[in-house]
Amino acid sequence: MDYWHGLAFALIALAYTFFARQEWSSTAITDRPTVNMLGGYYSQQQFLRNLDVRSNMASADQPSVMDEAYKEFVMQLASWDTRREFWLQTDYYKQRMVGNSKADAALLDEMINNIQFIPGDFTRAVNDSVKLIAETAPDANNLLRQYVAFASQRAASHLNDELKGAWAARTIQMKAQVKRQEEVAKAIYDRRMNSIEQALKIAEQHNISRSATDVPAEELPDSEMFLLGRPMLQARLENLQAVGPAFDLDYESESGHVKHPECWSNPGSAFSDLSLFAYAGRTGKTR
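Counting with numbering that gives the first Met the number 0, you get residues 0 to 286 for the letters of the sequence shown.
Restraint-style ranges between C-beta atoms, simulated for each label pair:
(1) Q197 - A167: 38 to 48 Å
(2) V242 - K70: 40 to 50 Å
(3) T135 - F46: 41 to 51 Å
(4) T122 - A175: 39 to 49 Å
(5) A241 - Q204: 19 to 29 Å
(6) D249 - L87: 46 to 56 Å
(7) I171 - S63: 24 to 34 Å
(8) Q61 - F121: 18 to 28 Å
(9) N99 - I171: 48 to 58 Å
(10) L236 - N35: 53 to 63 Å
Derived by calculation from the structure, the hints in this document are not laboratory data.
Glycine residues also receive a C-beta, built at the ideal position from the N, C-alpha and C atoms.
Can you build the whole structure from these sequences, using the hints too?
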């Protein structure tokens, strides 16, 4: 009797092996991008960060551009929405739909769960990874590559949108700063011009043709500036007119951005393909 029981069990196991759906998994290892991988995105994001640090809007001690980009990529890679949207647009899922809403929804849920993001362990030098399960080894490999590219495109799109938004906000802020700096510089310039012109009139009225004071010109109050004499005052007036209002280095940089934003704020397709830092690993049979 035990012989027949054993034989029956073996036959059942053989039948299960023959008829059961086969599954294969493929794993990709992910890593943080390099500066070169991020292309123009890095330079523009770093430029914005430097502006924020200079204007005390951000701390110099913050995550790197590479870390922030990788964080977004990993978030997309592990996202339920990303996995769902990916399967919905694949032929792999469409070819297995049966036309029954409940059955198709159950199949979709199963496929969503068949993509798993596995966090790494920094202390053990283990990288993050993502695993995809499919019916055949080629399917698992191809679908995983497609999924990594799909998730990376979503990450790149989101990061570029954020960058464009940051540039738009920064441009508005810069325009306000430039306008304020121009108004302040113009007010100082006008006040200085008026002081010299008034001093020149007094010097002409009193026929002061040479300096009548030993006090350095920079230390003289406006009320005594006429003591510098007509020639010096005339020269100072002409020099001030030639130079115009004085601005600091920040103004030169910010006004250049405001006048020519196309030179700085055009992310476009400058963001390199994030899938460059997710590379294929092992493929194995799960059952």
